Every structure is written in C-alpha cells, then in structure tokens.
Amino acid sequence: MTYIMDGFTLICVSAGTLLFLAGTLGLLRFPDTLSRLHALSKADNLGLGLIVIGLLPQATSVTGALKLVCVWLLAQLSAATASQLIAGVVFRGKPPPK
Amino acid sequence: MIASALSSANLFGLCGASLAGFGLFIVIIHASLLRRIVGFNLLGAGIFLVFGAIARRGAAAGFDGDPVPQAMVITGIVVAFSATALSVALLLRLFGLTGRAAFDAPPADASRQDET
Amino acid sequence: MTLGLDLTLIAGLLALALHVVIVRDDRNAVVAFVAFGLLLGLAWVRLYSVDVALTEAAIGGGVTGVLLLRTEALIRPASAAPTASRRSGGALAAIACVLLAGGLAIAVLSFPNPAPTLAPEAAEALGRTGLGNPVTAVLLAYRSLDTLLEKIVLIIALVGLWSLAPETLWGGAPELHPTAIPEPLVYLARVLPPFGVLIAVYEFWVGADAPGGTFQAGTILAAMYLLVLKAGLRPAPEVKRTALRVLVAGGPALFLAVGFLGFLMADGFLSFPDGAAKPLIVGIEAALTLSIAGILSLLVAGPPSKAPAP
Amino acid sequence: MLPANALPAYVTTPGGFLLVLAIILPVVAVLAMLVLDPRHARSVVGATILAGVAAALAIAEELIRTGAALIYVVGGWQPPLGLALRADGLSATMIAMTAIVLPGIAIFARGLQDLKPETRNGRAPTTFWSLLMGVWSALCLTFIGQDLFNLYVALELLTFAAVPLVCLDGRSETMGAALRYLMFALLGSMLYLLGTGLFYGAFGTLDIRSLSAMSDDRPAVSVALALMIAGLLAKAALFPLHLWLPPAHAGAPAAASAVLSALVIKAPIFLTLRLVAEVAPTPMAAIAGKILAILGAFAIILCSVMALRQARLKLMIAYSTVAQIGYLFIVFPLATGADALPPWGTIAWTGGALQLGSHALAKASMFMAAGIIAEAFGHDNIRDLSGFGRILPLSAATFGLAGLSLMGLPPSGGFIAKCLLLTSAVLGGHPWLSTTILAGGLLAAGYVFRVMNRALATPQTPLIIRRKIPARLEVVPLILALLAVLLGFVPLEPLGLLQIGRPDRPAETMP
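First to last, the protein sequences are chains Y, H, P and G.
For the first sequence, counting from 1, position 48 maps to 48 in my numbering; every step adds exactly one.
Count along the second sequence from 1, then add 98; that gives the number in my numbering.
Count along the third sequence from 1, then add 214; that gives the number in my numbering.
Count along the fourth sequence from 1, then add 524; that gives the number in my numbering.
No lab work stands behind these hints: they were computed from the structure.
There's no promise every hint is true.
[Stated by the list, open to error] In the DMTMM-like style, the derived pairs of lysine to aspartate or glutamate whose C-alpha atoms are separated by at most 20 Å in a straight line are: (1) 520(P) <-> 381(P); (2) 992(G) <-> 899(G); (3) 454(P) <-> 561(G); (4) 640(G) <-> 381(P); (5) 814(G) <-> 802(G); (6) 454(P) <-> 642(G); (7) 640(G) <-> 561(G); (8) 492(P) <-> 481(P); (9) 520(P) <-> 452(P).
The structure presented is a predicted model; accordingly, all values stated were derived computationally and were not measured.
With the hints as constraints, model all of the structure from the sequences given.
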C-alpha cells in the first residue's frame, strides 16, 4: 500500500515540477506579456495542484491535508487576481497603477 | 549530521557577509535614493543572516537554534521596516517639494554659497 | 542533498543581490528585491528559524516590497532621467565593501566551537513562563524591555511620519487606492480578508507554544487591511481619530501597565507573578497584535494626504 | 566553564527602580500624547518633566549617598539571558545633565510656541513634544543600558525621534537634510548591530560586564569593535563623517537644533567611550584611541575654520558643534594612555565629562539665542545683524557667555575642561594634541568674536524687528549659559562622583 502511495506521490510531484519548469521556460522565452502570463498561470495552477495532490497521501493528519489544500486554493486565488490585474494593464496599454 | 548543520550555518553566515557587502556598496555608490533604501534593506538582510548563522550554531538543549539571536532578528526586522517606511516617506515628501529623488550638491558646498 | 539545496538558495540570493547592485532601472531593482525577500524566507527555514522565516516573508518580502514598489511608481518621473551614479569613488567604495564582507567572513569562520549559546538557559527558564515557544519567551519575558521599547520605536516612527504631512493635511487621512480600481482587486479584497484574519488569529494563538506570534499575526492583519484600503472598499481613517490612536497605543500601554503591575505583584518592573505569566503574556500579545497591525498598515499608508474633516 | 560565571551576579539595589522610571516616564508621556487631544500635550510634558527631573535627582542623590552604582535587573531575569540597567557616576552625571538641559529647552520651546498662539496645537509643536519625550527616554537608556542589543534599541529610538525633529518646519531643504541624517544614522545603527552580532557569536553574551572580562584579541572582537565604533562615529558626526550634521542641525527649528546639538549626539559618543574603555582589550583600545584622537584633532581645526567662514549664524553654530565634538575624542588616548591610573581616575576623564556637560549647556543656549535672533529679525545672516546686541541684550549676553565656554576662557566649564585636557596632553607627552587644543580655542574665539563684534557694532541702517521677543523667553538660554560658566568653579582635579561604580568588575583587574 505504502509503495503505491509513494509511487503516486513521486509521479505527481515530478509532473508538477516539470510543469513549473515548462512554465518558467515559457515566462523567459515567450514573446509577449499575455502568452507569458498564460505560461505562468499554467505552472501555478496545474503544477502546484499536482504537487499538492501528490503530497496529500503523505500527510500525517486530516488537518495537515486540509492545510495543503488551503495553500493551493489561496495560491489559485492570488495568482488569478494577479494575472487579471496584469492582463488588464496590458489591455489598457498603460503602465501598472501605483 | 551535526557537522553538516554547522557547515550549512557557516555557509549562510558567509552569504550574509557578502550580502552586507553588496548592501553597503549600493548605499555608498548609488545616487538614486530609492536604490539606497533598497541597499539598506540588503545590508540589513545580510546582518540578520549572520545572526541566523550564529543562532543555528548555538543549537542546544533540544532547540534547533539559540532563541536569543532569533528574537533579536525579529526585533531587528521590525525596526528596519519602520526605518524603510520613514525614509520612503521623507523621500516622497522631498520629491513632492522639489521633483527630485536624489541629493543635489554635497552639503559642504551648499552651505558655503552666500545668502542674498 | 541538503547541502545542494543550501548552495542553490545562497547562489540565488547572491545573484539577486548582484542584480540589485548593477541593474540600471530602479523598478527592476525593487522587483528583484521582493524576490530576494521571498528566497530569504526560505533561507530562514533552512536555518531552522521558522519564527524569523514567517516574519521575514511577511515584513521583509511582503510589506516592504509593497512600500518600495509604490514609491517607485510615484517617483518614476524623477528616476526617468537617471542621475549619474558616482564613478569617482567607485573603487574606494568597492574596497570598503570587500573589507566589510571579508572582515565579517573571517569573524564568522573564527567563531569558537562548540558555539557559545544561551539555549540551555532559555530552556531552563522556559518553565517559569509556562510558554512553549522559546522565541516568544525571549521576546516577551527575558528581554521584554527590548520588545516594549521597540514598540515605542514604531510609534515614534509613526508620529514622525505623520508630521511629514503638509500643515493643512495634518491629522487627515492617507490615501492609498488608485483613481481607477481594477475589478479583480476588489474581488480579492472581498474574498481574502476572512482567510487572512483566520490565519492571523491562528498564528497569534499558536505563537505561545509553536512558531508564530504577534509580529507575524499583526503583519498579516495589516496586509489584509491594506488590501481593503487599496481596493477602496473602506476609506482610510483619519489619523487624528481617537479610536485609531487608542488601537495603536493600546498594546504598548497594556504592556506597560502589566510591567508596572510587576512592582506590586511580583519582583519588579516587567516581572510576572508566579503562575500568571502565560495568561498575562497571551493578553499582552493579543493587544500587541492589534497595535502592530494598526501601526504597520499606517506606516505603509504614509502621511495624510487628505485634509481632516473639521 | 566561561569566566563570566566567576563574575558576581547583578543584584537590584534599593534605588534601582529609579532607573526604570527614568526610561519609562517619557514613554508613558509618548503614549498619553498619542491618545489625548493635542491641547493636553503641554500639561503631559510638564508633568513628565517634573517627575523625570525628580527621578534624575534621586538617582544622583542615591548614588552619592551609597557611593555605589545603582543596578536594576529587569523582570528578575539575570543577564546574559535578561537585561540589567546600571548607573555609575558618569551615567548619573549624564542623566543629570540631560535633566537640566532638556527642561530648559522645553521651557524655551513653550515660550517660542506662545509667540504664535494660533498654531500652538498644530502639527509642528505637538510632534515636537512627542519626539522630545522619545529623545529623553532613549538618552536615559543609552546612559544606563548594560546590554549591547538593548543599547541598539536605544540608539534606534534616538534616531527615529531625532530625524523628524530636523524637518519639522517642512521646508524642502530640511527634508533633504533629514533624509541624509537618517541615512547616516541608519548606516551607523546597522554597523553597530553587526558588531553586536559578532560579539554574541564569539561569547554568547551581550552583557557589557561579562564582555569586558572576556574580550581578548581574537579576530571577531577586532572586527566587531571596528564596525561598532565606525557606526557610532557616523552617528556622532566625527570628522570625516560629519557632512550630514551642519545642514540638519542648522535647518531644524531653534528648540530642535538645541536638542540635537546639545543632547542627541552625546549618546553615540558616550557609547564609544564605554566600548573603548570597558570592552576593548588594552592594546586595541590604545590603537582606537590614537585614531580617534587624530580624527578629533582634524575635526577641531577644520570645522572651526569652516565655522569661521559661515555666513549664517545657525550654520556657524552647527560647525562649531562638529569642532567641539573633536575635543571629546581627544580624551581617548589621554585617558587610556596613563599606565599608573585607570581611565576614570585620570584628569582627562574628568575633563572629557566636563567638556560633555559644558558643551551641552553652552550649545543649547547658543542655538536658542540664535533662534531668538532669527525670530526677531526674520533671518540669521551674520553680516546683516549689526547692532543686535542693543535690541536683544540678553541674547547677546547669552551668546557671549556660551562663547566663553566654547573658547575655553576662564571662568567657564569649557575652560576647566580644556585646561584639564591640555594639562593631560602636556604631561602625557602629546605636544601635537596640546597645540590642537590651543589652536582650536583661538579659532573658536575667532568665530565667537565675529558674532559679538556684530552684536556691539553701530548699524548703518537700523535693524528691522519683525517680532517682539518677551524678555522671559531670553532668560532661559541665559540661565543655561550661566550654568555653563558656573561649571568653571568645580575643582581642578579628578572628580570623585565620576569614579563611583568603577571599575565594574572584581578588584583583581585593577593594575
């Protein structure tokens, strides 16, 4: 049983890390802000999500697992807002507000 | 185990030493006052890391680090933040009054100019 | 493995610091500094100082970053025309900095082994306080005078900051939000604060026995309040309001009052009566958390920029 | 295992709680003023000053009566884990000096504010009171702290209270001066903090008593002391780190200038003295003393010349401050150089303490007199002040009396101080130091007479008085200047009061 869980963790976390790597690469290499943003939010949402899912079987308590999920949800929320704000700025073609 | 912890503490101590050097360099060399404020924060970060290395080295009695320097760093971070807030406010006021964000002439010259 | 992690972390910190030194643009430097602050938080975790890591991430990376970014945006017209940085003293400055770093490095490497430490003393005295977190014990019992006076430092900084307002605006309200508030920000400011308050209460509550405490909780509360102000959901308060000033002064005042109580009930100033140490400390921490939240958010908000209502 | 364990533990003495009061009373005032309406600020400050002066007197009385240092262990936590406060003869003298000068400045500030009753409860006056109380608390803690980190907090409190004082009037050039001051002061604090950390890393304690027993010539100690002293010098504006001081001290409102010049810069100097005399091992103290004295000598000569060249009265006084600070650093080699005597037993030590006290009194009164002049005529250009002595005779007299002390002419505290330093320099075989002391006196005479000459001149066009100054406002600086003169009647020998509580270690370290 533990083997299966460990294997699950290994696969999920590796996949998440890979997504982060890809996202970072996109952030560095993509030509314009919107596509960079796209790469970044992919990494944030999916990468972090996969890592959290992968870590869930390793949590020793229910509260610990809940905390992990909360971390993901909060990261989602802030990433979504930040992306929206940046995209809004790009859309209006103005420098970011103070 | 202990040896590796110690060496990691020393590594961070050396990192703190270099950061302090970088910070001091910015404070001395940059004309932009905002950059100097960032430099002060880097210098502070370096100093605190040295404290952190000292705290980690002092791990004993079941603690992972000596709590006394850790507490000092917490006090220090808060004081450094209020210093940043005050200097930023002064900078903004200076900018609002003069439109500049750098010191003009050195004060020795400014003071010598004759009054009208 | 951990050595590799440490080295990566250190390399990242140094690279970002170097970036702050050499990059031409101020905004670029500030952004690099924010990233630096977050990495530094990780470094503190690696040094097993979770209390400091939380404080550093919240204050060093978070609130300081907000402050610096905002300032950079406000003074950008001035920095657009770059003033020549001083070339003449460059070599001399570099020598001074290398001397500083080198001297520090020698000092760090020459520390005695085994390292002198107060951890055993702190652990032994922990029983007298009833606390479980030694850092909280240092801050609020052993060296409480430092902590008390540091609050006064914050308050004096705040009074000084307010005094920077023009004469007619003194006592008025600072203004934080931009003229056009983006929609998503308002959404975030509605959704996040309940979580933030919950986390702050948790941090404060576990602070007596586990990593966390007044600063961390206060900073999170301050961040939530700033978010609300920034999104324009609430107007910033006038700084002359008595309620606000009572909030700011309340924590330190309670701390002082308990300190004086020590003259009557225990061994003197800032000593706690036997057995009552923990409840007293938790009470002080509660008031301090609110005061810190108030002070930090007001420090970020800056001097008043709207005239007070008559 | 550590030699620190051999040291006697700190025991709270019966009068020890007075030390807590000296620090905490102004803090209570800060909090009270924050909450109360600005109208009540003056009564809060008045009550605090009465209580604070009483505490300072009680400390001095207790010290002289018992002949031993006052000690308070805060919260009952024994150092090095906890914090101790300790007042010996020198600390008590400093506290008493503060308790004389600060109320004088407060009364003056109150009088000055009364000239413009419409802004009396406005921004600048109200803030001034809070900051003044902050300065007072920080100064007292600097004088009695026993823990290096506790002293760091004191220095920061002092900085944050002092910097906004510079730009209270809100002019753009004072903003620049304040920011420059803040940056120098912050750099100083950070270097000091860094040294503190190194001391902790090397010895696991920050208690000055333990450190003075343990410190040796290992590299960490050298680096730490070099950093801390350099940091303190930036705060004390010792040449060549003085560039921030003249614009800051000259740009501030009159009462604030007096606080900054007379009191605030004394704190880092006092700490430097403690570090060199108590913590530094002897060979290092000798080297540090030499360097400090050379810088001090440069400060005396160069900044006195700068003072002579200033067109504005307040800038002249500010440069004079930098020059007079130089004298305090000359004390170091003279006090630590005598082999037969401990530093505090030398006449140079007494001379230094007297110079500290008389400069505080003289400089506070001089800045206040300059403030009165600027208020009365609307400017402080020395060239256009011909005949101000006829209109403001008391202020001119204040200026002259304070000038006596700065020049070192008898009878004045400055005379005794400089005479002791000169004697010590001659006896100790430092001819160049004695030459500097004499030359500095001559230059000081130059700039003081330049102003007095104007004061007594017959103007070609009569001076225009912008605002009438009530005589009672002029009396306060005059009293402080008279006190500076009266200090000249203390006997010419090492003062017993300054030796109470020294040395702060077991007798076996006495030579």
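These are the hints, each one checked on the structure:
no., hint, verdict
1, 520(P) <-> 381(P), "11 Å, holds"
2, 992(G) <-> 899(G), "9 Å, holds"
3, 454(P) <-> 561(G), "9 Å, holds"
4, 640(G) <-> 381(P), "14 Å, holds"
5, 814(G) <-> 802(G), "16 Å, holds"
6, 454(P) <-> 642(G), "19 Å, holds"
7, 640(G) <-> 561(G), "19 Å, holds"
8, 492(P) <-> 481(P), "16 Å, holds"
9, 520(P) <-> 452(P), "8 Å, holds"
Checked against the numbered hints given earlier, the structure satisfies every one of them.
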